[in-house]
Amino acid sequence: MASTTPALATMPTEILCMIGSELGENELVGISQVSRGFRNIFLARRFKRVVLRGTMARIEFYQNEYPHNGPLSFEDVALIGSLLQGMPKLYGVTFRINCYDNVLFNRLLREAPKWSSPRSIAFFRNTDHSNFNAVIRRFLPGTLEAVRIPYGFNKRHYNIVKSQCPTLKALEIDRSCDRQRRRNVTPSLDHDFVNTVNSDFPEVESLILHEDTRFRNRRFMWFTSAAELDDAVSLLIDALDDMPRLRRFAFTLREDRLDIPLIQDDVEADIDEWCLNLVESLLNAVPTLEELCISFYHPTFYRGTRRNHQIVVQKANRNNIGEEDRFPSSLWP
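If you read the sequence shown in this note's numbering, its first letter stands for residue 1, the second for the next number, and so on.
In short, the hints are calculated from the structure, not lab data.
Some hints here could point you the wrong way.
[As the list claims (entries may be wrong)] In silico DSS-like links for lysine-lysine, alpha-carbon gap of 27 angstroms or less:
no. : residue 1 : residue 2
1   : Lys114    : Lys162
2   : Lys89     : Lys114
3   : Lys155    : Lys89
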């Protein structure tokens, strides 16, 4: 660099932003480590997703770089909004916040300004209902396009999203059950529930129904015959066919939840063939779908896509490079 060229630290913000637009992710990370000023300029403009994790005190510590050990204050809670609003390219945020005083947190959050971004929000498991309610209601109407509801189906969580975000474009629901009972369909294949989602969220374009119910007893298998599974798939097809806006759908179907031999030899190649055939059959049966994924055993899943009237099916892995930004790891867009 010529001696007459000003150092980066003395350049105007506008010039730095122009330089930053030409840099790659690794270069931006490196230059952002030089000073707090560079971090404020570059990182806030590059983030698309952020995870809010830990206690309010820890979040404030990492943001403002000073320790905070006093009681929860309005400034602590308002910090969340200022953090989100300060990242113009931010699309999604994941909440995992520990609040020792949920009542105080919720009261302070209600007093904070409304949020106009981001457009996508996810929650880690075991989110307190009152915290979930307070966070969802903090967004301005029409802001949220995608919501990932916390682990374990909670009707109260679902109803909050239904009342506050009826125009959602994308929704992920965990259908895992803590209290098992004999039923005729696995929760992620429940056509009645799919019909309910269609009624409550008529504009939804991406839907994920995840299920990870803990296996305790063979008496609680979801199906006892191949005919039952075929009937469930047929009813699911009818429900999906009634959702003309739906473009992407993913669900869980695990062999250990079934009391029937789906694959005679139980070898990986035969399992792959059976799952890929099911994906292709579902896409053929629901012509409005552009992508369909079945999670059979984590992290492996099976994806089918429709492009130019052609269906392509393949085995995939959530740990593969780039998968974190694709459906179903990324709910939307």
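Outcome of the hint check:
Restraint check for Lys114 and Lys162: the C-alpha separation of about 19 angstroms stays at or below 27 angstroms, so the hint holds. Distance check on the hinted pair: Lys89 and Lys114 sit about 18 angstroms apart at the alpha-carbon level, within 27 angstroms; holds. For the hint pairing Lys155 with Lys89, the CA-to-CA distance comes to about 32 angstroms; that exceeds 27 angstroms, so the pair is violated.
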